[in-house]
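*Asks:* Use these hints to put chain X onto chain D, whose structure you have.
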Amino acid sequence: LSPDPNDIEFRPEDELYKRLAPELCKDGLPTSGVYRLNKKPDPAPSLDLARLTTPDKVLSKAPKQGFGLGVLTVADVWELGLTVKYEPELGNDAHCILVAGTAPIDKQKTRDLAARTRVIKSPATIPPKLDIT
Amino acid sequence: MGLAVRNSISFTRSVQAELFPSTLENVRVVHSEMIARAVDDMFGRVHAMRSLPENWDSYSASPPSQAAIVKLLNIVREVIGNRMSVVGSPAIPYVVAPLPDGGVQAEWRCGSRAIEVDVNTDGTFGYLIVTRDSTNTQTAREEDHVDESAVLERILSVVA
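Top line first, the protein sequences correspond to chains D and X. Heads up: the first sequence at position 34 corresponds to 34 in our numbering, and the numbers run straight through without jumps. Numbering-wise, our numbering comes out as the position in the second sequence, counting from 1, plus 1000.
Isolated chain D, as found in the complex (with noise of 0.2 Å):
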């Protein structure tokens, strides 16, 4: 059971996980396209609560081989302006989402988060590496 999205209190300290695709990676860092939103029905960028996931949970929920995966503080979000919201999804307990606080998610918002984001597995490298032999 997921906890009560009320019982749940965030501390500066909390680090959030984000999966990392390689096609929005460069030279193993994430570029800003990361946090950009989505035009779906639900555009917030989509984080994980580490307290209540692990690393291998989360890139299990990616569709191929290559994710990396990186890590956000709370601290960071709030330092931008921003608020992290939980929201359990059916699947995954520890999901949260990124929202405008005193300030929007616009382009330099989210360059700022890709450039605060920790790389703890790294991603593949598109274009491949050509083995030439």
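Treat the hints as calculated values from the structure; they're not laboratory data. Please note: incorrect hints may appear among the correct ones.
Stated by the list, open to error - Label-pair distances were calculated between CB atoms; the ranges are: (1) X/G1111 x D/E9: 42 to 48 Å; (2) D/E9 x X/S1149: 48 to 54 Å; (3) X/R1132 x D/P63: 32 to 38 Å; (4) D/D106 x X/G1081: 26 to 32 Å.
Stated by the list, open to error - For lysine to aspartate or glutamate, the following EDC-like pairs were computed, each having C-alpha atoms within a straight-line distance of at most 16 Å: (5) D/K64 x X/E1153; (6) D/K85 x D/D7; (7) D/K121 x D/D56; (8) D/K26 x X/D1040; (9) D/K39 x X/D1101; (10) D/K26 x X/D1041; (11) D/K39 x X/E1054; (12) X/K1071 x X/D1133; (13) D/K39 x X/D1040; (14) D/K61 x X/E1054; (15) D/K121 x D/D27; (16) D/K85 x D/D4.
What the hints assert, rightly or not - Facing chain D, a subset of chain X residues (Cβ under 7 Å, in silico): (17) R1045; (18) N1055; (19) A1097; (20) D1101; (21) C1110; (22) E1142.
Just so it is clear, the structure is predicted and the values come from calculations on it, not from any experiment. The C-beta atom is built at its ideal place from N, Cα and C for all residues, glycine as well.
*Replies:* Chain X alone, transformed into the frame defined by chain D:
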């Protein structure tokens, strides 16, 4: 060299030759390994973008629109044609990438400035210009739904 590798290189070269004949000529003249590598990297990324399925980012992203990719390549060609002889490799995007909503993005970096350009699925463009001054203070300016000539002007002002 393996067959797959040869085919991959051959594919990349043929697409480059088709889309960027004058650029390739420039590359030959300059004989810069760094430029050739940056061009190869860019085309490799574009090639990878073309075949992305739904949910390619694992967060329900749409595949990049082919029209957006073509528009992006047009802009890239213009920038390279205008700036390669002036700035060299910074005329080639630092990165090209898909966006989760079906658009595509390119970023140019030149000295203390960078510009991210989005090609939206509705055919319009957006951009973010980031500038760092000598004290490392960052300023940013962004705009959305601008036309191709306006975005090209902004890119050329950064890649200079």
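*Asks:* Against each hint, give a clear statement of whether it holds in the structure.
*Replies:* Results for each hint:
no.: 1; hint: X/G1111 x D/E9: 42 to 48 Å; result: holds (45 Å)
no.: 2; hint: D/E9 x X/S1149: 48 to 54 Å; result: holds (51 Å)
no.: 3; hint: X/R1132 x D/P63: 32 to 38 Å; result: holds (36 Å)
no.: 4; hint: D/D106 x X/G1081: 26 to 32 Å; result: holds (31 Å)
no.: 5; hint: D/K64 x X/E1153; result: violated (39 Å)
no.: 6; hint: D/K85 x D/D7; result: holds (12 Å)
no.: 7; hint: D/K121 x D/D56; result: holds (11 Å)
no.: 8; hint: D/K26 x X/D1040; result: holds (14 Å)
no.: 9; hint: D/K39 x X/D1101; result: holds (5 Å)
no.: 10; hint: D/K26 x X/D1041; result: holds (10 Å)
no.: 11; hint: D/K39 x X/E1054; result: holds (13 Å)
no.: 12; hint: X/K1071 x X/D1133; result: violated (32 Å)
no.: 13; hint: D/K39 x X/D1040; result: violated (31 Å)
no.: 14; hint: D/K61 x X/E1054; result: holds (14 Å)
no.: 15; hint: D/K121 x D/D27; result: holds (13 Å)
no.: 16; hint: D/K85 x D/D4; result: holds (12 Å)
no.: 17; hint: R1045; result: holds (6 Å)
no.: 18; hint: N1055; result: holds (6 Å)
no.: 19; hint: A1097; result: holds (5 Å)
no.: 20; hint: D1101; result: holds (4 Å)
no.: 21; hint: C1110; result: violated (16 Å)
no.: 22; hint: E1142; result: holds (5 Å)
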